[in-house]
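Input sequences plus hints: build the corresponding full structure.
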Amino acid sequence: MRIKFDIRKAYFAAAIVVVALLAVIPRTDLGREYNAALIAAKAGIPNTVTAIYLKNRLYDTMFEVMVFSISISGALYFLKKENKFHLEDTLFTDPATIIIFRGCAMLSFLSACALATVGHLSPGGGFAAGVAFGTSMVIQSLISDRNHLSNYLSMERPERFEKSSWMLILAISLLTFSGIIPSNGIWGSLLSGGWVPLLNILIMIKVGLGTWALSLGFLDHKWIF
Amino acid sequence: MFKTLLNYLGGVPLDVVFLARLLLLSVILIGLWGVLFKKNLIMKIIAMDIMNTGAISLFVLSSWYRSKAPVIAEKGSSIPASDPVPQAVILTAIVVGFSVLALLVVYVMDLSRYFHTLDTDRIQNRWKR
Amino acid sequence: MVNLSVSILVLLPFFCGVILLAVKGRSSRVLLPLWVATSVLAAIMLIKGDSVHAVLGGSYGVELMFDPSSWTFVLMNGLVFIGVTLSVIKERLPLLSCPLMAMLHGTANAVFISYDLFNIFICIDLIGILAFLFIRLGKRPRQIWSAVQYLIVGNVGMILYLVGCLYGYKATGSFSMETLPAIPAIAIYLLVIGLSVKGGVFLAGLWLPEAHGEAESAVSALLSGVIVKCGIAPLLRIAELSPVAARVVPLLALASALYGVTYAMFDKDVKRMLAYHTISQAGFILIVPAAGHLYAISHGLFKSWLFLAAGKLPSRSFEQLKKEGIKVQVWLPLLIGALAISGMPVLGGFGAKSMILGKLSGLPAILMYMAALGTAISFAKIIFLPLAEGGDLAKAVSFSGAFYFLSLVLRDVIAGYFGVAFILKTLFIIGAGWLIYLAITSRRKIELPKSVEGLDHILGLLFVVLLLMIVVFGS
Amino acid sequence: MTGHGLLVIGAVLLMPVMAFFTLREDHILHAIIGRGMLGIAAAIAYALMGAPDVAVTEALMGAFLVTLLYVVVFSSGDEFRVGYVELPMMVSKESEKLEGFAVDLLTEFGRKIKVKPSFVPFESRQALLDAVREGYMDMAIGPFVYPFDESDNYLTLPILETRIFKKNGGEWIDLLSLLYGSENRTFDRSSAEMEKGFYSVLLSEDAHDLNDILFSFMGDEDNLTVPELKKKYFGESK
Numbered sequence: 004m005r006i007k008f009d010i011r012k013a014y015f016a017a018a019i020v021v022v023a024l025l026a027v028i029p030r031t032d033l034g035r036e037y038n039a040a041l042i043a044a045k046a047g048i049p050n051t052v053t054a055i056y057l058k059n060r061l062y063d064t065m066f067e068v069m070v071f072s073i074s075i076s077g078a079l080y081f082l083k084k085e086n087k088f089h090l091e092d093t094l095f096t097d098p099a100t101i102i103i104f105r106g107c108a109m110l111s112f113l114s115a116c117a118l119a120t121v122g123h124l125s126p127g128g129g130f131a132a133g134v135a136f137g138t139s140m141v142i143q144s145l146i147s148d149r150n151h152l153s154n155y156l157s158m159e160r161p162e163r164f165e166k167s168s169w170m171l172i173l174a175i176s177l178l179t180f181s182g183i184i185p186s187n188g189i190w191g192s193l194l195s196g197g198w199v200p201l202l203n204i205l206i207m208i209k210v211g212l213g214t215w216a217l218s219l220g221f222l223d224h225k226w227i228f
Numbered sequence: 240m241f242k243t244l245l246n247y248l249g250g251v252p253l254d255v256v257f258l259a260r261l262l263l264l265s266v267i268l269i270g271l272w273g274v275l276f277k278k279n280l281i282m283k284i285i286a287m288d289i290m291n292t293g294a295i296s297l298f299v300l301s302s303w304y305r306s307k308a309p310v311i312a313e314k315g316s317s318i319p320a321s322d323p324v325p326q327a328v329i330l331t332a333i334v335v336g337f338s339v340l341a342l343l344v345v346y347v348m349d350l351s352r353y354f355h356t357l358d359t360d361r362i363q364n365r366w367k368r
Numbered sequence: 017m018v019n020l021s022v023s024i025l026v027l028l029p030f031f032c033g034v035i036l037l038a039v040k041g042r043s044s045r046v047l048l049p050l051w052v053a054t055s056v057l058a059a060i061m062l063i064k065g066d067s068v069h070a071v072l073g074g075s076y077g078v079e080l081m082f083d084p085s086s087w088t089f090v091l092m093n094g095l096v097f098i099g100v101t102l103s104v105i106k107e108r109l110p111l112l113s114c115p116l117m118a119m120l121h122g123t124a125n126a127v128f129i130s131y132d133l134f135n136i137f138i139c140i141d142l143i144g145i146l147a148f149l150f151i152r153l154g155k156r157p158r159q160i161w162s163a164v165q166y167l168i169v170g171n172v173g174m175i176l177y178l179v180g181c182l183y184g185y186k187a188t189g190s191f192s193m194e195t196l197p198a199i200p201a202i203a204i205y206l207l208v209i210g211l212s213v214k215g216g217v218f219l220a221g222l223w224l225p226e227a228h229g230e231a232e233s234a235v236s237a238l239l240s241g242v243i244v245k246c247g248i249a250p251l252l253r254i255a256e257l258s259p260v261a262a263r264v265v266p267l268l269a270l271a272s273a274l275y276g277v278t279y280a281m282f283d284k285d286v287k288r289m290l291a292y293h294t295i296s297q298a299g300f301i302l303i304v305p306a307a308g309h310l311y312a313i314s315h316g317l318f319k320s321w322l323f324l325a326a327g328k329l330p331s332r333s334f335e336q337l338k339k340e341g342i343k344v345q346v347w348l349p350l351l352i353g354a355l356a357i358s359g360m361p362v363l364g365g366f367g368a369k370s371m372i373l374g375k376l377s378g379l380p381a382i383l384m385y386m387a388a389l390g391t392a393i394s395f396a397k398i399i400f401l402p403l404a405e406g407g408d409l410a411k412a413v414s415f416s417g418a419f420y421f422l423s424l425v426l427r428d429v430i431a432g433y434f435g436v437a438f439i440l441k442t443l444f445i446i447g448a449g450w451l452i453y454l455a456i457t458s459r460r461k462i463e464l465p466k467s468v469e470g471l472d473h474i475l476g477l478l479f480v481v482l483l484l485m486i487v488v489f490g491s
Numbered sequence: 014m015t016g017h018g019l020l021v022i023g024a025v026l027l028m029p030v031m032a033f034f035t036l037r038e039d040h041i042l043h044a045i046i047g048r049g050m051l052g053i054a055a056a057i058a059y060a061l062m063g064a065p066d067v068a069v070t071e072a073l074m075g076a077f078l079v080t081l082l083y084v085v086v087f088s089s090g091d092e093f094r095v096g097y098v099e100l101p102m103m104v105s106k107e108s109e110k111l112e113g114f115a116v117d118l119l120t121e122f123g124r125k126i127k128v129k130p131s132f133v134p135f136e137s138r139q140a141l142l143d144a145v146r147e148g149y150m151d152m153a154i155g156p157f158v159y160p161f162d163e164s165d166n167y168l169t170l171p172i173l174e175t176r177i178f179k180k181n182g183g184e185w186i187d188l189l190s191l192l193y194g195s196e197n198r199t200f201d202r203s204s205a206e207m208e209k210g211f212y213s214v215l216l217s218e219d220a221h222d223l224n225d226i227l228f229s230f231m232g233d234e235d236n237l238t239v240p241e242l243k244k245k246y247f248g249e250s251k
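Protein chains in written order, with the working numbering: chain F, 4 to 228; chain U, 240 to 368; chain H, 17 to 491; chain R, 14 to 251.
Worth flagging that the hints you see were computed from the coordinates, not collected in a lab. Hints are all accurate, no fakes.
Computed cross-link-like contacts, DSS-like style, restricted to lysine-lysine with a CA-CA straight-line distance of at most 30 Å:
{"#": "1", "chain 1": "H", "residue 1": "155", "chain 2": "U", "residue 2": "277"}
{"#": "2", "chain 1": "F", "residue 1": "83", "chain 2": "R", "residue 2": "127"}
{"#": "3", "chain 1": "F", "residue 1": "12", "chain 2": "R", "residue 2": "125"}
{"#": "4", "chain 1": "R", "residue 1": "125", "chain 2": "R", "residue 2": "110"}
{"#": "5", "chain 1": "R", "residue 1": "129", "chain 2": "H", "residue 2": "155"}
{"#": "6", "chain 1": "H", "residue 1": "375", "chain 2": "H", "residue 2": "441"}
Beyond 10 Å from chain F on every Cβ pair, some chain R residues (computed):
{"#": "7", "residue": "41"}
{"#": "8", "residue": "209"}
{"#": "9", "residue": "241"}
We put the beta carbon where it would ideally sit given N, CA and C, even for glycine.
Dropping the structure here:
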């Protein structure tokens, strides 16, 4: 199929014109008064972004958790089905790397807990916490002996854990839609703002285990390094 | 001094937000250029990912107001801050963009078992129906 | 009421999906009561006929709209899923397909009831991922490629939709569809082009022949029946609400109908012909936005039935079918489906077509009649396939076949429009179509250029159509 | 244009520069690094624009996880798997380094199409034949000869003519393993009659584009690698 080079240039020229029109649209949102305070007050938590993202627009976040989990299970469906080449047991053996890696794993685990538990007070999201949690698990699985890890944390237990946290998120979002929300609690305290702290932690667990399962899938498939 | 130089460049309202919007739209354009002109399938996917990042950054630009994070210190105080709605919404779009990407890259690797050079023209010529 | 319907339509399928994923369930029999529950709820709500506009979760929350149009789409969603499940109920499905079907059902319902631009973006992305995995469940390498191409084109379309959402929000301060009239024209064009990628409308739907043609028959039945509608339903809403879109979408629909029919008439492959028809039928649905949902329900039914029936054909190319001929039990469902889509009075297609064509006048009416003629011509290819002996009629009656036939006839009886003049007009069109087929098209071998369906071309044409909209309708 | 505005413009300017750098490259690894830098530039820009949540998520998800995904998946992507059974002069493993006529040929071919071969050892011919049939191995080199190893579930591409010695029992041995092979010293050449044959590369059915390119690579006349390698290994004695 000989694509004449000029056709794709024509496509790109059309795109440039469209984007140029987009750029010169007069901005009408100058000076609009942002009622961030109203949203935060209603949700009872200082961080307005988390208030919207986990309380007002929880319907979107529920779909987002579905999207993330289904794409992870779709990728794993392919990775598990593929054949497994010979797999080395551990990837890094010399002690210096192991110590450094263990430090990084602990560091990212701590940051994950911070992002998740205090996510509704100061900036930090459930998903970012999940990724950090997943990274710490990946680093841990890279350095420790593979079968030591697999019998210690065989894939069945995290899988069940992941599915149950997924179901809990769906249940809580149903409760939030039907208005059953615990009291907002004291402003700025750890457990304030209805379901938001619990949801943050559940999303952290769900996304963390999902990332870890994906990376283990890669590890089994000998794609890592 | 700098302000006069910028305004001199043309009648267009040359302030920071307009300049930033131009740059971020050019990120989308560069991404589209990659998707159209790159032959390798993985390069097309990386370019599509760049387009996605460009669209996400436009959202954050539209929420920018005196670059104050929308976190309210005391209960009642309503100091004007950045608009939280596009930020909350775009968090979802980042995760969705990543998930679509993760699936695409894993299954393009499956395709690379049949087409090692991942050259889109070669793939399409092979499967002309 | 809102809470109950959201939980049944969206959350219940998600729960079933997660449970099936955990339990690794493979039999689709379990999901049948779920589809029945959705269709019964939709039928009741349709009879009640009131429309409820709800906001979930306070200010800036997600807005939902339960009006007759969304309930019709939800009913179609339930019926198509019942039909497809009945036809695959005996087979042992691949591991991931039952949970995916449940989640696809829930997400499709979510798109049909949603009244919020950004919520539609996320649901359509989720449907894109589910459709990608469905196409990929087939093992053949070509299906990997068509799935990857589908997701890339869908994702670029969705990026345009996202930018459209942004400009809509900046102009009006909220993502709800009520503010559509105040959105600048260019944002509406971006929304329309993003949705027409997912809905398979005109040039933006060029990925459809590759994706639907290659997928397994049950998967392409779901693709054509439900997943394409998830792109079209929001497009109908936008066309009704925004004056700018009210001028753009019918023109796009006209072009889509004619484009799909011309390619379908001269296609040599059964499944690709049906896929081209999905593009042209998308045009039929969108031409009159107010009555679009009535056409969509009959299209969802007979198109998924045709794909299921086409799955049982011995081979895909028409020449081979002409030589070998097909058994009666394969031919009968195809015949009924073909008659339904060309608009035979009793079957589902007639009520829908008459509703649409009755409301048109002048040039659009003539063009749509030509498109209807083209449909009749291209489906004459299926109707006049020779019959091989040895087929017995008893095997033709299958559970899903009977279900589809019953629902199609019911659809025509309930929402039919039986003007005598119109019955004659439709019969004349079908007859003329068959005559033209027998006289001209069956002999001449016209090969239309297919180079437009390359990946770069599809992506490029998105922007060309966008530019055309801006030039023709003004920014 | 406050100082802070300049800072934001600086961060935002970084993004198109990184994007252009990423897409200017043809080598995928450089593109991935560019993508990582774009993610970090985006995170900085979001933080400066007063969106800390989005900055954290973009930094972790967009910069780190996406780059990890690309590197992990890509590291196995740009290679085709070649199974080999040792055969002196054709494929032989001297002190951890593979060399031989077929090895050099495929490495040269890999360099041309920018996809490098990864050689996987196999003990028995039959295991390698099954691997090629299943598609786990894209190519197979070693003691495979054109007329005898012909089969319909993989393609054979003759690369080097040789002579085959067939015994009446249907058991045959090719020239190279006879001359250099250790275990079949006992094969007496007198009783076997000689036939013409070709050493060949077996290609799996799945590797569509590899087959087309390799056939055209071997086919075109002005390609000097084959005569060069012949001179280097066999010095025109054959």
